[in-house]
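Chemist: Chains as they are written, first to last, in numbering that gives the first Met the number 0: chain A, 0 to 217; chain B, 0 to 251.
Among the hints, a few may not be true.
[Stated by the list, open to error] If you only want the chain B side, here are some residues facing chain A, beta carbon under 8 Å, derived:
no.	residue
1	28
2	86
3	102
4	183
Hints are computed from structural coordinates only; laboratory data are not their basis. Even glycine gets a Cβ: it sits at the ideal position worked out from N, Cα and C.
The lines below spell out each chain.
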Amino acid sequence: MIREFGPNEVIYITLAIRYTILLSLIAFAGGAVGGLMVALMRVSQNKYRRWIAMAFIRVFQGTPLLMQLFLAYFGMAILGFPIDPWTAASVALILHAAAFLGEIWRGCIEAVPTGQHEAARVVGLGYVNRMRHVVLPQAFRIAVGPTTGFLVQLIKATSLASIIGFTELTRAGQIISNATFQPFAVISLVAVLYFILCWPLSKLAANLEHKFNQATTR
Amino acid sequence: MSSQASSTGQSAPELAIEMSQIEKWYGAFQVLHGVDLTVEAGERIVICGPSGSGKSTLIRCINQLEAIQKGSIKVNGVVLDKTPKTVPLDIGMVFQQFNLFPHMTVLENCILGPVKALGVSKEKATQTAREFLERVRIPEQADKYPAQLSGGQQQRVAIARALCMKPRIMLFDEPTSALDPEMVKEVLDTMIDLAQDGMTMICVTHEMGFARAVADRVIFMDHGQIVEENAPELFFGNPQHERTKNFLGQIS
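Using the sequences and the hints given, assemble the complete structure.
Modeler: This is the structure:
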């Protein structure tokens with residue numbers, strides 16, 4: 000029996016956007032915590048910390064997110080620790096986001112001039128105070144634009160979680176598409192919903208970067 | 000601020016800095032070749048020399064912004080650790096590029112160190128900061144951000160920020176080199192004022208007028224070594240080494 004692509008189907012797909020948003024928020028929040036740790040380890044004086052962070056980044060930037068999702072979901076099950084799609088998708092996306100945010104933020108931290116570190120040392124600040132009060136606040140301002148840009152990438156990347164049966168926007172679209180046999184209309188709707196979610200953020204990122212550039216050029 | 004009175008009254012002067020046989024490399028390049036430098040408390044030293052002669056590196060070694068490979072440094076009688084995590088708190092420093100914290104107001108710049116590193120209360124630190132801003136003659140700029148100030152004002156804030164840590168020694172690393180000519184004087188005047196209060200000062204600068212006016216000793220460095228050191232009138236009036244003569248000939 001072929002279902003109609005009617006209002007109910009549109010509502011079903013549109014409501015699935017909340018899982019896309021929720022998964023994006025989880026991935027971003029977890030990725031931010033992990034990313035800050037990775038970034039600080041990357042700029043550490045201790046070479047072992049740098050190496051560990053580097054290896055982490057290489058692995059997660061060097062393999063497709065799809066493989067990471069597969070490994071988290073099916074891999075854990077094979078190892079005898081079956082986890083639900085929510086957990087698998089969250090873990091994989093958090094690690095993915097941590098690797099990319101870590102590398103973005105490392106660049107932002109390194110963009111703070113050496114003189115700032117030195118001035119902070121000279122007024123007696125140790126590592127923690129130096130980072131917290133002098134370096135990170137300045138790195139943060141540099142990071143706002145690229146971080147928002149990455150958030151857009153992350154929202155779109157959550158669509159891959161559909162492959163492990165996580166019912167977010169894309170998966171909801173697939174389900175309706177299979178039932179209605181109207182893939183063009185359904186997938187177009189899904190694309191429009193992603194666009195509505197991402198476009199304002201891209202615009203915001205561009206504005207923030209423009210604002211930052213104006214504030215830093217004399 | 001009374002260290003001059005206490006140091007001149009004693010027969011054996013108190014030593015602020017004792018550096019002996021300092022050697023430093025950047026990779027394979029040796030920047031300092033066995034430098035010895037002793038500075039008494041209250042003494043004002045000017046270090047000059049061509050670019051790349053190691054003068055900035057030398058003073059950056061004193062407060063451990065640069066690690067040394069050989070030799071030893073004593074600050075106020077205490078031997079410095081060779082692999083430092085923090086800098087000695089009784090040394091203040093002023094940089095060529097000011098290095099004010101751009102995201103903080105002038106006042107916040109001044110109280111950050113005292114509050115976070117010395118554990119002074121915010122009220123007390125603010126009061127001290129206002130006094131020093133008064134001294135460098137920019138009390139009205141306390142709530143502005145560094146980018147809103149001129150170069151000369153920024154450098155005076157940097158001096159006030161260093162003074163807020165109540166240091167016994169002040170290092171100046173070419174403090175006027177990044178300034179527009181019309182702002183050099185206001186910064187030099189502030190430094191002269193500080194010198195008259197008896198602060199131990201080591202200044203890397205090419206301002207020879209300043210050297211004549213306040214220095215107890217002028218040191219000329221070249222190729223990572225101290226070539227010549229003397230009282231300013233002898234240093235400028237009767238330089239002994241050929242390299243010193245050449246250098247003085249070129250900058251005057």
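Chemist: If a hint holds in the structure, say so; if it doesn't, say that too.
Modeler: Here is what the structure says about each hint:
no.	hint	in the structure
1	28	violated (19 Å)
2	86	holds (5 Å)
3	102	holds (5 Å)
4	183	violated (20 Å)
The structure shown violates the earlier hints numbered 1, 4.
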